Amino acid sequence: MESIGINWQLLVAFLVNFLVLFGLLTAILYKPVLKMLDERQAKIKESLEQAEKIKEQTSRSEEQIKAAVEAARKEGQVIIAQASQIAEKIKEEAKDGAHKEADVIINKARAEIKLERDKSIAELRSEFSNLTVLAAEKVIKESLDAPKHRKLINEVLDQSSTFKQN
Amino acid sequence: MSKLGCSSRLMVILGIIVLALFLTSFVMGPLGSKFFNIQVPKNLQVSKPFVQLPSEPIFHIGGFNITNTVIASWVTILVLFLLFFSATRKMKIIPGRMQSFAEVVVEGIYNTIEGVAGEKHVRTFFPLITTIFLYVVTNALLALIPLWGTWGPIAHSAEGTVIIPFLRAANTDINLTLSIAIISFCFIEYLGFSRIGPLKYLDSFFQFSELGKAFGKLFKGDGKSFISGLAFGFINIYVGLLEILSHFIRIVSFTFRLFGNMTAGEILLGVMTFLVAFIAPVPFYGLETLVGFLQAMIFAGLTLVFGVMAVTSHHEEGAEQH
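Chains as they are written, first to last, in our numbering: chain A, 1 to 166; chain B, 1001 to 1322.
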């Protein structure tokens, strides 16, 4: 044993050396580096998860935006359809109104024309009757009493279609 | 073109120098001088490698001999401490160069251990296995630096004058290899006892439960299987004794594997330097680098494997086989 150098003192010295190295390396190498590796792993995992979350969120909000745009488009279409319907209605109403108004005006005009005509006829008639009376007076030189005369003339006039009083 | 020519000319000159060094040292060395019958001046001769297995004491502290291998192991500890202290002093999430180095070392060994021991046991094995590896490999690699084994006081002994080096390859001291082997052994047995329970661990050697089953058969009146069970039980106890012996023999094999390889390497380098002082030892230095690395890996790896064997009890393995 001596010739290959086994010596309990040295053995103890090397045991102590090894344990010292073990302690030192644990303190300055294994603990900090493993901690750092774990930390980094946790961080990477966390950021990956976060990225995944953000991605998900983005896709979700994209979908939301798409849906909103779609809804807005549909709404717009509905509004446009409604508007055109309303426009059509308004147009129809306006047309109707115009027709009616025109009718009213025409009717009024007709009535007026008729009134005017009647009036003119009446006037003309009275004028004419007067004139006829006058003429007859002059012709006959005899004055018929006027009411009798008028009656006579009216009878005559009534026989003629033109001056018929309605 | 001219640059290339210059560098190739440089290569030729270097080659000639290397060849000249080799030839001169060969001719001046013991082989050449015998062959060509040249008288080489005494102070140009490389001294014969002086093989001494016990390490040489350099100074004493109290009754304690501090030998050159102890000093070398201190240097190893100091080097490892300074290297990794500077690397891990300011840990950052985004590592610098030194921190990256430390992380590569730790992560590489960590992953290797994880591959062998599984995720469950990595943290149990990691500190000790890594320490063994780093200690042995640093001892081996530092010993290849020319400072080791070349300077120190000259001692006159019966065999002539020899240098007692201040630093000697720490792995060539059997006390060092024995100390790591003992620690490795204690670690393995401690794991066995603490992880699977003292009784179960002992049972994994002797398989008392088989013997118990045999007695169970006796109570049932099955005499034939009792006798065969008893026989197998005693065989198991004998095998268990052998296995326990083999656990102790591990200390010896650990010790002498590392000690033998490293001492042989030192002697090989010494002999090569003695025969041909220049150039010829260079490939052997490369070889010794590899051997140092390999021996560290073997020491750490075997400790790991034995530890894993102790942690996963024999009983489970046996159950699988039956």
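Take these hints with a grain of salt, some might be off.
[Claimed, not checked] Taking lysine-lysine pairs in the DSS-like style, the calculated list, with each CA pair at most 25 Å apart, reads:
| id | chain 1 | residue 1 | chain 2 | residue 2 |
| --- | --- | --- | --- | --- |
| 1 | A | Lys31 | B | Lys1090 |
| 2 | B | Lys1042 | A | Lys43 |
| 3 | B | Lys1034 | A | Lys43 |
| 4 | A | Lys31 | B | Lys1217 |
| 5 | A | Lys43 | B | Lys1224 |
| 6 | B | Lys1213 | A | Lys45 |
| 7 | B | Lys1034 | A | Lys31 |
| 8 | B | Lys1092 | A | Lys45 |
| 9 | A | Lys108 | A | Lys119 |
[Stated by the list, open to error] Residues from chain B that keep clear of chain A, each with C-beta distances beyond 12 Å, as calculated:
| id | residue |
| --- | --- |
| 10 | Pro1030 |
| 11 | Pro1057 |
| 12 | Phe1232 |
| 13 | Gly1240 |
I should point out that these hints are in silico values taken from the structure, not numbers from a laboratory. Predicted, not measured: the structure shown is a model, and the values here were computed from it. Ideal Cβ placement from N, Cα and C applies to all residues, glycine included.
Hints broken by the structure, by number, lowest first?
Hints 2, 3, 4, 5, 6, 7, 11 not satisfied by this model.
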